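K.L.:
Read off the chains here:
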Amino acid sequence: VADLERVLKQEDSIAPVSRVMGYRIVASAVKPYMHGTLVGDWIWRDGAQRLPNTFELREAHLYFGAHILEVAQPEVFVQFEHKSQTDSGFSVRYAQLDLSAYKELLVFRIGLFLVPFGVYNTDLFLRYVAKLPERPEIHRRLVPSAWNEIGVQAHGRWSWGQGRALSYAVYLTNGLFLPDGTSATSTVQPSAAIKSPAGGKSFGGRVGVDLFEGLSIGLSGYNGALNGENGAYQLVGLDAIFRYGPFSLDCEALTGRESVTDSDVVTKQGYYLAVGYRATNWFEPVASIERVNASVIYQASDVWGGFNVYPFPVGFPTLVLKAAYGRRIPTSGPASNMVTIQLVLGY
Amino acid sequence: MRVSPWIGLSLLLASSVGLAEDELRPVQQATLLLKILSFDRNLESRTKGGLKVAVVYRENDPESEAVHSEMTRALEDAARSLAGIQGPIQVVHLPYTTQNRFESDLVKMRPGAVYVAHSLSSQINFIARTTRRLRALTFTADENDVRSGLSVGLIVRDSRPRILVNLVASKSEGADLSSEMLRLAEVIAGSPG
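Residue numbers (our numbering), protein chains in the order written: chain A, 1 to 347; chain B, 1 to 193.
Keep in mind the hints are simulated off the structure, nothing from the lab. Predicted, not measured: the structure shown is a model, and the values here were computed from it. Careful, some of the hints might be misleading.
[As the list claims (entries may be wrong)] Here are some, though not all, of the chain B residues that point toward chain A, as calculated from beta-carbon distances under 10 angstroms:
1) E21
2) P88
3) V156
4) E180
All residues carry an ideal CB built from backbone N, CA and C; glycine is no exception.
Work the whole structure out from these sequences, hints included.
P.N.:
As structure tokens, this is what we get:
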């Protein structure tokens, strides 16, 4: 009887019924979550990049999702980023549903998702994981900066020993869209094609191998539809992430072509390499070098050096203060100097 | 993909807005149901061959199907955690489509207890008649259904969990609930069903 009495007096034994549009949801099967990142910058640039003294809300990201019966995981990534005087910067970066067909070996993904090309859309997307405050220019100049597309994907991971794993992703999407009249010399980035009225489709994939604990190597390929024209956007990339004790190295190289019109073809090549060394658990010097070559649009090399500070390396390692100085050296024209001080919070 | 911030905000809010409609959590209902059964002095004689708990719900009714899903999972979890104390407990599904089918399914299953999910209020009289004939103790989260002839209500009153017992109905279903347990419950005379 005492046991029964205890159940009747239990705290939190009463809850409101969860409903969507009036329909009851099986709440006990849904484990919802919300996470986010918030990044604030102080930026100084001279030369062609001139920005004498500005604060910037670099990104405010919110991730809403749920684990459902260990089978399904819907997630929506809402972002407030690239705000300007005329654009609120509010957008949906991805809205995807993962359905596990067989554990983590085979997972289907549908919806609007980040294209799994290279390491930035797969492993290093979060700013508290990436070493430098600025993302590599190859992820702005050579591939779409917010590279998300609508379609279906199958991905998975197979581990066969300590630190050894094979991961893969293959996808079929509606491809990319550029507004009418965009020329080859334009810096306008393509965005996800919401529909493909002409039936054009992009396809691609990525294979990653963790050869031993700390080293993973990836090969990515993309054959994309641009404004419905199949094969108008092609990219191949090779990437690696290496972690050995306090030392870290991330690198990536890619080459490709983009046919804006039949006569306008942009060829693209680039690479970057970023290194870091965790001198103490709260202090990490970092450096990077990269080269971007997008014919007729942009050719430059960037060099960055700086440091990251982790105020709570044990209790809350996703709070990071980053400071870096960079120099941009274009193939033609004067060089620019750049300074970014950035506070990153992942929660 | 750009969207208006107001549309985005509305979507976020819409997903969380709903009428506050409190109920006893399914996990608490399941635990109470199994514990109350242990206070039935006739349980052993009513459940020869092991205890089965049937969750009856109205098929093709989203509300009823959702409650069925919640309660089945909660009962299975509770049964696992209480198996050492109360022996093996089997949770079975019982979709309600027609009276004849319900009756024949119940005869085949022979459960010791039946949890009646939402959306079956119009069928309570028939359900009660059948469970009385087959000596299965009925439970529900709907107070009105207890007053209409089911035996035990696992309800919320004054923001507190309450056990509501229709004594006439429980006796008709072959249960002999101990007075210790009844002292913790609100006992109503109830309808003969």
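K.L.:
Indicate, hint by hint, whether the structure satisfies it.
P.N.:
Hints and how they fare:
1. Because the beta carbon of E21(B) sits about 5 angstroms from the nearest beta carbon in chain A, less than 10 angstroms, this interface hint is met.
2. With 10 angstroms as the threshold, the beta carbon of P88(B) stays out of range of chain A, its nearest partner Cβ sitting at about 20 angstroms, so the hint is violated.
3. About 5 angstroms separates the beta-carbon of V156(B) from the nearest beta-carbon of chain A, less than 10 angstroms, and the hint is met.
4. A least Cβ separation of about 5 angstroms between E180(B) and chain A falls short of the 10 angstroms threshold, and the interface hint therefore holds.
Hint violations for this structure: number 2 only, all remaining hints satisfied.
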